Every structure is written in C-alpha cells, then in structure tokens.
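Using the sequences and the hints, build the whole thing.
Number of protein chains: 2
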Amino acid sequence: MIRNVLLFSEGSREMRDVLGGKGANLADMTNHGLPVPPGFTITTASCNRYYEEGQRLQKALIDEVEQAMQQLESMTGKVFGGKENPLLVSVRSGAAISMPGMMDTILNLGLNDETVQGLIDQSKDKRFALDCYRRFIQMFGNVVLGIEHHVFEIRLQALKEQADLTDDTQVTAEQWEQLVSEYKKLIKKHTKEDFPQDVKTQLLQAIEAVFRSWNNQRAKIYRKINNIPDSIGTAVNVQMMVFGNLGDDCGTGVAFTRNPSTGEKKIFGEFLVNAQGEDVVAGIRTPRPIAELAQTMPAIYEQFVQLCNLLEHTYKDMQDIEFTVERGKLYILQTRNGKRTSQASLKILVDLVDEGVIDTKEALRRVDAEQLGQSLHRRIDPDAKVEVAATGLPASPGSGSGSIVFTADHAEEQMKKGLRTILVRPETTPEDIHGILAAEAILTARGGMTSHAAVVARGMGKPCVCGCEQLSFDPENNCLWIGEQALKEGDWITVDGSTGRVILGAVPMIDPELTEEMKKILEWADQYRKLLVMSNADNPVDARRSVEYGAQGVGLCRTEHMFMDPERIPVVQNMILADSFADRKQALDQLLPMQEEDFYGILLAMDGLPVTIRLLDPPLHEFLPRIDETTSGSMDEAIVRKVKALHESNPMLGHRGCRLGITYPEIYEMQVNAICRATKRLIAGGMNPIPEIMIPLIGHVNELRILREMVERVIQKEGLADRNIPIGTMIELPRAAVTADQIAQHADFFSFGTNDLTQTTFAFSRDDAEGKFLQVYVDQEILPANPFMTLDVDGVGQLIRMGVEKGKKTNAQLKTGICGEHGGDPKSIAFCHEVGLKYVSCSPFRLPIARVAAAQVAIAKEAGC
Amino acid sequence: MIRNVLLFSEGSREMRDVLGGKGANLADMTNHGLPVPPGFTITTASCNRYYEEGQRLQKALIDEVEQAMQQLESMTGKVFGGKENPLLVSVRSGAAISMPGMMDTILNLGLNDETVQGLIDQSKDKRFALDCYRRFIQMFGNVVLGIEHHVFEIRLQALKEQADLTDDTQVTAEQWEQLVSEYKKLIKKHTKEDFPQDVKTQLLQAIEAVFRSWNNQRAKIYRKINNIPDSIGTAVNVQMMVFGNLGDDCGTGVAFTRNPSTGEKKIFGEFLVNAQGEDVVAGIRTPRPIAELAQTMPAIYEQFVQLCNLLEHTYKDMQDIEFTVERGKLYILQTRNGKRTSQASLKILVDLVDEGVIDTKEALRRVDAEQLGQSLHRRIDPDAKVEVAATGLPASPGSGSGSIVFTADHAEEQMKKGLRTILVRPETTPEDIHGILAAEAILTARGGMTSHAAVVARGMGKPCVCGCEQLSFDPENNCLWIGEQALKEGDWITVDGSTGRVILGAVPMIDPELTEEMKKILEWADQYRKLLVMSNADNPVDARRSVEYGAQGVGLCRTEHMFMDPERIPVVQNMILADSFADRKQALDQLLPMQEEDFYGILLAMDGLPVTIRLLDPPLHEFLPRIDETTSGSMDEAIVRKVKALHESNPMLGHRGCRLGITYPEIYEMQVNAICRATKRLIAGGMNPIPEIMIPLIGHVNELRILREMVERVIQKEGLADRNIPIGTMIELPRAAVTADQIAQHADFFSFGTNDLTQTTFAFSRDDAEGKFLQVYVDQEILPANPFMTLDVDGVGQLIRMGVEKGKKTNAQLKTGICGEHGGDPKSIAFCHEVGLKYVSCSPFRLPIARVAAAQVAIAKEAGC
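From first to last, the protein sequence lines are chains A and V.
Add 4 to a position in the first sequence, counting from 1, and you land on the number used in the working numbering.
Add 4 to a position in the second sequence, counting from 1, and you land on the number used in the working numbering.
For the record, the hints were derived by calculation from the structure and aren't laboratory data.
Just to be clear, a hint being listed does not mean it is correct.
Identical chains blur together in the list; that is why a pair holds if it fits in one copy or across any two.
[Claimed, not checked] Subject to a maximum C-alpha distance of 20 Å in a straight line, what follows is the list of computed EDC-like cross-link-like pairs (lysine to aspartate or glutamate):
(1) Lys776 - Glu670
(2) Lys812 - Glu480
(3) Lys810 - Asp798
Because the structure is a prediction, the values reported are computed rather than measured.
Below is the structure:
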C-alpha cells in the first residue's frame, strides 16, 4: 500500500518529489537531530488524488492523518483537542519545487473554546492564548472558509479605535476575548455555519484548503512563469506549533546564511522578540537585524550560527531559515535554499567552491545560464522607479536612453553632435541602417522578432523593441502618440530591449561586465564542455568582442548586413536593377573590393580561428526600398517596377538563399572571389586566415553539387585549391534534413539553421505567428514553449537528429553545428550536445550562456542523467 | 569480355537496353525468320564508352566491327569495297526508347569510285548506281562531315535548271556522274580533304557520326521533353542495303498495322514504286496509299498483310513498319510500336483485348493515364488553326471562348443575357466569385498555380490561365494590351487552360466525353486497383459529377469556397470584422443555416458514401477585399483597418487552418453544428449520410486533441454521438509527419495534404516559385520534375512514409489517404500505393486518371516490379 502520510522521522531528503521540498527538509533535519518541532507530511501524490477524486479527501488519507495525529500526541505528550496541554499544529503547503508565498498556511490549529482554556492554563498567559485563538479563527476564516481578510481586519481596527489603542500589543485579554466572539459571529454570518469546534474537522478542512491553494490564481501564474509542471502537486506539512510570543524569552525570525543580494558570507536576516512568525512577514512590527540577536539572546545566537553552518554544509547551499525561540529553546521551523540575485548567486557559488563545500561541477550545475547572459547587457537599474508607457516585443536585449528621432538621417546628425537618440519608426528598412547604427536603441510600431529592425539591431548588439502596437504616428503634427501622451522629436525615452518596456524619460543604467566570478565560472565551464562555442558575427567589431567572450571561431558570418551598409546600398541596388548580365557584372565589380575589405577585417580579427561565411541569403527585394501609399509617388519608376517584379506573396518561401546563387551565379562568384582575395592578402601578411564557405537554404543535393562546383572553380582560379577551404551548407529546410545523406556527399559541414527550420517545420512565419497566435499557443499550453526561443525537440529536433545521422552515414568526416538563435539557448544547447553536434554558434553576448550550458549538459551526461 | 557488336542473329528481343529498340526488333525478326536484310548492331554501351573516352572509337570496337563486316560478307556473298558485287550498308541509330527522326542515318555506305562500277555491273543500271553514289556523298557530307544540306541541294537545282528538268527521275546517268564529281569538289572545298574512298574509313566515320548525333540539339530536347535519360546512349545498326529503286518491280513504303488516328483495324500507310525510303519521307514524290499495293504488286501485298499480322501478334501491339521491295522480293527494314493519338490508343487496346492478343492487365499497363485525363475537358480542336497571342500558366484545364469582360459584375450581366464571357483581371479576389461562376473561362495577369483565380477555377472546373505577364491593363482607355494589340470589352478571345494559351477570337472546340473504350478500360481498372479513389468536391454539382466519374466518396470537401459565395461574403465579412464575441456569434448564427444547406446538398448527392469535410482553412484576410493603391481610398475605414491588422508577411505560414479553430473556436463549432444538422435531416429523410470531419494544418498533437474534444462536444450535444462520425486531420506540415505517432492517437484518419507539405518541405511558395525560379530548376534538371505536379518521393515522400508508419504504430485502425493535387498524378499515385495509403482524392476530372493509375501500380506490384 502506498502511504499518504509520513512522520518527519520516516522521511528523508531524497523524498523531495513525494514530500515536497519543505517536508523533505524537515524530515532530513529531524534525522540529523536538529531542533525541529515534530510533525508529519501528507504526500504530493495525495494532492493529485484529491483532484482526481473531484476534490474530495479519501477515506484512506483521513485514517492515516488520524493515526499520525495520535503518534504526534504520544511524541509530544500533548492532546489534540485536549482541555489540558492541548496540541496545536501548523498546516503548511510545500511542493517539490519551492513556490514561496504562493500557497496557504494555517497556524494555531487545534484551538476551540475548550482547548483555548487549556492553552491559558499551560502558558499561564490568557492574553497570549486568546490572541492565538483570534489569529487562528481569522486565518481559518480566510484561508479555509474563504472570507476576505479585510472583513476581520475591520473589526480589529474598530476595536482598537474604540479603545484608542495604536498597537496590537496593547490589546488586553478581555478585548481579544470580545474579538473572538465577534469573529465567530462573522463566520456564522458569512458561511451560515458555526466556526467548527471539532479539531479533527478543523484539521481536515485545513488540509483540503492547502490542496485547493495549489490551484489558486497566483500559484498557477507562478508555475507558468517558472515552468513548474501543474502535475506535481503540493504536500501538506502538519507540525506541532511552537510559540515565539510567550514572553521576552521568546522570539521568531527569518535569516539567510549569506547575503542574498551580494552573496557576502555573513548571516543576513531579521527577528522579533515575543512574536509569531507571521508578525515578521506581515510587517506589523519592525523586525530587528539578526546581528542584534547576539546581544538579546547570546546563547541562542551562538546556537543559531552553528546551525546555519551545519545546514549550509548539509545542503551545500545558502539557506533561508525560519526559526522560533520558545521560552529559551531554539526551534528550526524550516530551511530551504535561499533565493538570491544573479550577482549573489555567482559569488556564492565561487565561494562555496573556494570553501570546499562543492566542487566546480556542482557549481556549474547550479548556474542559471540564462540569468548569466542577462547581466551582460547594459540594463535599467532594477532599483530605479520607472514609468512604463508601452510594451512591445523584446527584440534585442539591453537598454538605451536618448531623445526621440523619427528619421535615420536625423539620428546620424545627432550622433555627429555627440547626442544620444532613440530611433522610432513604424518599421525600418535597409535605408535606415545608418540610423540604427547611430541610435542608442530602436523602437518600432510594427514587425516581429525577426523584422528588419530586430535582426539588424541584434546583429549590432543594439537594444531594440519591436511591434509596439500602442505607438501611433501623427505625421501632420510631427509627433508620436502613446495613448493620450504626445511625444515630439527631442523628448527623452528609454527602451528596454530585454523586457520590451518603453519608458518615458531617462533612467539610471547598469553597465555590462564580465565579473571575476563570471570569468572563473566560464573557465570551469571550458574544462567540461564538449561542444565548441562559436559566434554569429558579421563585422570585425563583433568578431573581436566574441573572441573576448570566448568564441572559438565565427560559426555564422552573414554577408547581407554588409550589403545593407548605406554606402553600398546604391551599388547593390544597381546590381539588382541591372537588366543585363553585363550591367550586373559591372555593379558586382564595384562590390568586389568592398566585400574583400569586409572579409579581410573579419578574418584578421579571427586570425587562426575558423570563420564560416554564408553567401548571400535574403531575397533581393530586401535591398530595395519598400513601397507603400506614402512612398510610391516619389520613387524612381525603374525601382518601383523592379520592386513590384520582385514582390512575393510569401518571401520566406521564395527566391532567396542558394536559389539566388543558382539563378544569379555571378553574385556568389563575386563573394567567393572576395573571400579568396582577402585570404591571399592575409597569408601574404603572415597571418593564418581560416575561411569556410557556407551555402544557405539547400533543399536538394543538386543545388549544393552545382554551387560547390562553382565555388571550387573560383577557389581554384584564385590559386587557393591547396588551402582546402571547407565548403558546407545550412540545413534549414525539412527536405534538407530528410535527404541529408545525399547532401552530405557534397558538404564538409552542416550548420543547422534552426530559425528557418522551425519556421518551415511548423509552418510558422515568425513575424506573423508571434504577434497573432503563438502567444495564445504558449499561454494555453498547446506548445510547451515558444519554439523560436527553445528548440522544439519533438518535431524540429527529430529532423536535426535525422540530418546528423543521415549526414554522417554518407560522410563520416562531416562537421555539424547549429547557428540559429537556439545556439544561445541553454535547453537547446543541451539537445545539441545530445544529438552529437560539434559546435553551437550564437550572438556574442550569449557566448557565456552557451559556454556554461554546454558544460552543464556535458556534466549531466557524464553523471548519466 | 563484353561484346561491342552482335549480329542480328545473335541478339534477341529482350536485349533492348543493349541493342536499342530497332536492333532488338531486327534481331527478333531475324530469329523469327522474317525477311530482314542481314546486319549487326553496335551496343548502346559502346556509345557511352565513346563519350567516356573523349569521343574516340576504341580499338576493340573497331576490331569487332571489322570482324562483323567479314561475317556479313560471307552471309551475303558480297564484298565490302569490292569491285564486283559490292556490299553496301545502311548505318542507323537506335536507342532503347524510340526517338523517331531525332538522330542520324547514312544509306548506301560502301560506294566509292570503284565499287560504284561494281554496282553498275550488278544492277545493270548506271543511272541508278550513280544516283545512289551521289545520294551517299550528299548524305555522308551532311551527316558525317557536317556540311549543310542546302550546299548540295543548290548544285542539284542548278543542274536541273541548266538542263531544264523538273523531276529527279529525268536526270540522266551522265548528269548524275557530273554531279558526283561536283559533290566531291564541294567536300574537298569544305573539309580540305578528299571524300574518303576507303570504305572502312567511311564506315567508322559514319558510326562516330551516329554516336555524335545522340547529343545533337534536337535529340537532347526530345529526351528532355520525353523524360528519357541522357545516360542510355544509342546503338548503331549496320545493315545490308536493299534497293527499292532498281526498277518497277521495286518499291518502298511505310505502314501502320492499324489507323494511328482512329485505331481502326486496317493497314494504313504509303508506298512508292521504284524509290528509296528517303523519297517517301522527303516528300519529293507523292506516295500512294498502301491499299493500292494490292493492285500494283498483289503477291507482295498479300505477303505484307501476313507479315503485318505476324508482327502484331509477335509484338502484341500496332506496328509501324518500313519495308522495301527489291526486284520482287519483300524486305522488312524495321518494325516498331506505332505512335498514335490518345483516341486511337484506347480503341486499339480494347480491340487487342477483344481479339485475345493481350489481356486486360496488359491493356491497362499500356494506357497513358495522363493522356486519358486530357480528353475529359472541352478543348480546342487540334486541327484548328489558332493565333496564339500570349501564354500564361495552365492553371485549370479545358478551353473556353467568349467576349472579354473586365469586371465580375459585367460577366454576371452578360451571363444573364445568355452571353459567353471571358473574365480578364489583373488578379481575382473573393469578390469576383460571381464573375468566375458566370464566365466561360478566367484569365489573369498575376498569380500562380495556387492563386485565388486558379484554385477557385479548378474547384469549379472552369478553364483558367493565370500569371499571363504579357497582359497589360490600360484603365484610362478601358482596354487591355497584349503586345501591340489592344483588346476592348466585347472582343472575343479563347483561353486554353490545359496549355496556358491565350488565342484571339473564337476557335472550334471538342466536347469532353467518356467514350465506350474509356468506360471499358475504367471498368477493368476498378477490378485491379487496391486504392480507393475519392474526389475533391465542394458542392453538389461537383459531387454528382464525381460519382459519374467513379468517385467512391468525397475525400476533400473544402468549406472556404462556400464562404466565398457572393451572398455570403457580407456575412462572412461581418463575422471577421466583429469586435466582440457576441457580434461574431451573431454573424455565425446567420451563416449556420447556409452551411447546413451546403452540407445537406453534398451529403445528399453522396448518399451512402463518405464525405470528408475540412473545416475552414484559409487565413481570414482572404475573405476581405484586397487593398492596393487604387482601392484604398474608396473602402470602408473599418475594413481597411481590419485588412491591415490581418496582414501577414507570409500568409502561407500564418494564422490559418486549425490555428483559426484554436483562436476562434466558435467558427469551427458553427461548422460542426451545420454538419450535424444536415446529417440529422438526411437521416430523418431515410438517407444514409456519412460525414467525416477533417481538421486542417495540425502541427502539434495538442491542437488536434483540443479541437477533437470540441468537435465531439458539439456532436454529442446534437445527439449524434452514436453515429461515430470519424474525426481526422490533414498531415500537411513536416512537423505533423514527424510527430504522426502522437497525432494519430487523436485521429481516425490522416489525409496527406501534399500541396502544403511540398511547400513547407521545400520552403517553396508555389505562387512565388513557379513564376521565379522553379522553371529554371526543372530546365536545368536541378529537380527531376515540378514537385507540385509530381510528388517529390525523395523528400516529401519520406515524410509521408514516416507519417504513415508512425501513425499506424500508435493507431492500427488509422485510415490514410492523400488529397493534394498529387492525388490525380499517376506517378504520385504509384507512390501512394507503395506507401500503403488507403485512398487518393483528386478533382472530378482527374478521377479516370486516378482509377487507371491505381490499377497500373497494383498490376505492376503484383508482377513484382
């Protein structure tokens, strides 16, 4: 028979899934001989069964609870519902994953009109006992019977006003007695039933209430935010009450074993003399710093410090401890791993390693890789008060403040004057590039996470908020409306690309930094990880930055951003507008030396490291201006005609990638030519350039066969045949994945382009889906996560696995990696390791995340998880 | 050692791959004792080796040819290059697959200044011998030495003019002798070398020339058109010459054993007395009908008729025979299966079965299923002279003539007057539906094979040509330009949706018909096929038509076309424009009875047969008017706003299919409700409606789980739970295929939507790809075929296979089928059979194709191919 109820002494630390975190810790502390008030835990499975049975407590459970109460009575020598020496208990929730404050607790359970007399006799403190009783009725009424808190509070306030009292401690026993009586009437009025005098009824109803609180609104939201499954359920801990409010040799407090803000190794917390725990939390009285306990109760303090050390060593982590002192005796009510800031988190890990408490593997295991990455962008001081005016998509992380400009030219002008601007546009086009470059941050009203603004901003590491639909442009008055607020050019705003917030005015910022702790952790990570970590970098600045952040090469160098450079755009447009091969060739001849410089710079920055250069990928119309109602009149007719000719109803599925290379081979030839020339110049200068050439959007082996021949021909012509420049392809179409065995015969490497692969596998246009239905899908849990953020292992992942397996079957030397945005996502990186990829490539700022995540999965796999 | 050369007597009919079709037939006829001039065949492999060796004849081949010539000499008693009784030969091409007229032939080879004297002595006809010689030099000069034909012809013409002759037969021996001398000088002049007198040199050069002709321009194009691989090569047949031009007891002719136009069982052909074969082909003299041979040479005719019967029985097919009579002796030079019209083809097959020559399986094997389908549309009389003004995409087959109208309203007005119109539009929108319905055919300037016009037209069975880019609209002059030609409303044009032709004026049409032969063949097909054949039908008319054509149910009933009905569009638009659930519900309540009628009609038409109804699929903006420069001013502001809000950058990957059902469940609920109500009314009327409900665009199991629950809830509410209405899904996304095991747990059937699956697997937007790069891909053989026409077995096929296997793994009862356009394509149907699908579903007019193709693959598999 599976037991529903276990005494603390019957449980263990390993039973966290069954007993919840709190229950497992209480059991563990009990087993270690710590001063824990005795009690028992109702399992998480019981909670699930409660829901399965239509929210009814099972007979078996009730029996076991009664039995456990009897054992508790014999352990404490107290009697539940007894007139003398009554046993009072707390009833608390506790899931396997900590959800602090989300579920309900009932204290002082077991009091009724009879047992309160027993408590008076026992404590010799009528005022205390009646205070307990009224607290219990209030809590029970609220939590179990669902009567709102303020209904009771109003009565208490009225009583204090009548008696002209300011503080609860001034209330007399008789006044509490009167309040008890009023509270009971309130309960009768609201529930049409008497407050239950039967203590067993009290207990069972309280247990049910805790079960129910698993599905209250705030608990459900907390679980969703923290990706905690709904299915795990909560345990219920029933524990003998101890009292911190029996006099001045009593007290209660909460403490962290280290500073949760900074990580400093020093006990941090608060306590109150003569008080119950809830007083500390409720803020009714101002608690005193824990250090003062050394003066107030020196022996207790010393014992507490020892226990803190013991608990830290036992749980090998900073602890968050609740304690109570009852008549000079210290009780530990709860211990758990303490929440902390990301900064503190890293310091504590490094310190724990230095102290020999944990090893580097364990430290890495505990790093929140995602959190690590967040600290690498300039961001809004979390302590600053901000006025959020609107919210859009968090398209490129980091924050920027500046004065509003509506045009790219204006942004550039301002920058030349040394002024900071935020470029605000309905959406951006390639012609805005110089503005994006000049601005501190970008804000657009339209476009998704892969819109032009988003992609370019991420590439440049500029903060960007996209698709902020609350923005409304008013060209007549040359202003911008956010709701009722009109903003003009020159007004200051702040854009937070990490959260999507648009804030009025400037706000204080925190600069990004690779702290000493981070550096240490990243060094450890490099010792364990199997995956190479490469960067997505399109220019020398990004390339250099990525080396700083630990990149072992460039895994994706996109050439389209080079084409979008404002100086080049006219030449690129000439190339596209060319009606004849000769005209196009002429424009390409002009581009050749520019591209050569691009590649020279990047290969130089990455000297001795591989640089995977992807040939031109986007559809050509992306390099032409956009036509809409406002622009069509003023534009050159030839351009308008060409824009219309190049129009596609689904450009994502259109004439792009290697399809351009097939139909306009001269463009790819020019690019390969430029790569070869840059390589030769670097070799001549004594450097060691390692270019690799990547063909995008291959769907059929013949495309790669033809283009590889072309690339090899150019390399040969340029006299670089003996450098063995690797030639590979993106695997970003389902067809490429399922025919990878054919394609691998012509590829030196596969780079899984998971952005496009996700789009085509799901048939989700990222731009369209994120604004329209994808959020609904994630909210309704139709999808476990946004598949553009975390790789869809079931679907897209299967295709990647197939691609790797089939590819290696026909080409054992094949190098495989990933260069979509998933390359910087910890969960996705774990999958990449599992599936046997050789490298992940991500944006420079995500490199630390990738390094740690790669180490984490390597360590986990080594441990056999 | 692999032999390069085989005597006819050493070959056999089975060696077609090695000896080519002609060589294998000559061998076979030789072995059957037919009067075939002796000779030998050089294998197709020798041709490939010739190319592999850089277009040089191998020593081994030359040796074998010489040896074979010696054998030929001993068989004929003639001497190659002999002064007396010289052996003359023909050298002809002959690939494994017939390519009539595409490659080269040399006749009379072996003549030189000495042997011509031998021929004079032997034939006792100097004029004949010198004629042969000049023919040979001319042919050799042209075919082997590459001198253009007219260079020789001019000399012959000059000679005849000088001598005032009108006909070649009037030329004297001396004049031929003079021409021979002139021809030899011509050759010296053009090649700087003498005409080769050495007969072995002649022979080897001629063999090389035939090899080379394998890769001449017309042969390459013919192979591409007919999907003949370049790799199979041609054989070369060297055969003793016989002469039909030695006098009036000689002659030559070509005959079919049955009429190739009608299929009538009667020898059909032509002959010439005293002539060589090329005279018949060249049209220099007018040949006489074969029947007259009975008068001219009664014994020969009788022998020929017998041989025709023998050959037909041997080859079990209508034969195309070349014959020569040399001095009263009949020689068969060649026999092959004759080309024929599609009408003749069917009649011959049915007759051959009736005559007991072949069985029904063999007959079915030989049917060209695709050709069968073509005859089912009204089409332009192939004998009519037409003026093609422009060409677009053949979007919906069939042809229509009518007067041009530029608006849907005008088309409708004209129809009400009983007038036939062609609706010509830049592109169509849902608001044009009534015009498409009213017009004979549709012509658009923009849009691909899946554009609105194309889809709607195919659904209605209306001829349609799309994306005809030569059209240019001139609204100012209310006319349409095709090149220099201005067309006004009222001008007549003809649209050929089978070929994409746009023709000026009206042209004679042929009506579609299911002939007796077709009916017989379809009956046979039904006996063998394993696949069920269903139709894609959206209305009662199509449903009834499809039953006529043999549909066993409706495999795809699209509901969006119902929404596009002009009476509904305002209601549908209200539904879409609704800002609140209540407003939307009101519009849906209006649609409910209309949809009920739709389903009632179709279920009634298909009484007792399953009807798979697909819930709404396209993105909602398809039901709103399109906004462009010309319309935006005049439109209701609310509509403009909604159109903009619904705008998607890649609608194919956007908010459509089941994503609508998830976000607007009330739409799907209304549809299921309507299905249930129609079903109940039919049951009450004593009918047996069998609806099945299909959810489109499922990508994740949770979508289907949620929507299935919703559908079941409605069915339950309507009291139809015990009808067990099957609920299934389209598998049209790569993710659905790879996670089919999960999805199948909630599906009663899978219908592979191969249009969308092809789009997403390749990332080809059909609309964009076909106009831009897909043609290049097919032309350059990057893809073996347009994957929207013929299923891409390697890529998309793998996903289908995976979908079927995984689906059946978790749901053994799962019914699987296909409902994309591939469901009507023979090659794709073969794949469907192989992969174990239960049914194919296609448009009504393609049902006969599907029935035959399904039988063909069943027969082939049974035979173990």
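Here is what the structure says about each hint:
Taking the shortest alpha-carbon separations for Lys776 and Glu670, only the inter-copy value of 17 Å comes in at or below 20 Å, while the best intra-copy value is 39 Å. Proximity of Lys812 and Glu480 under a CA criterion of 20 Å is satisfied in neither setting, with 61 Å inside one chain copy and 63 Å between copies. Proximity of Lys810 to Asp798 under the C-alpha cut-off of 20 Å is found in both arrangements, the shortest distances being 18 Å within a copy and 13 Å between copies.
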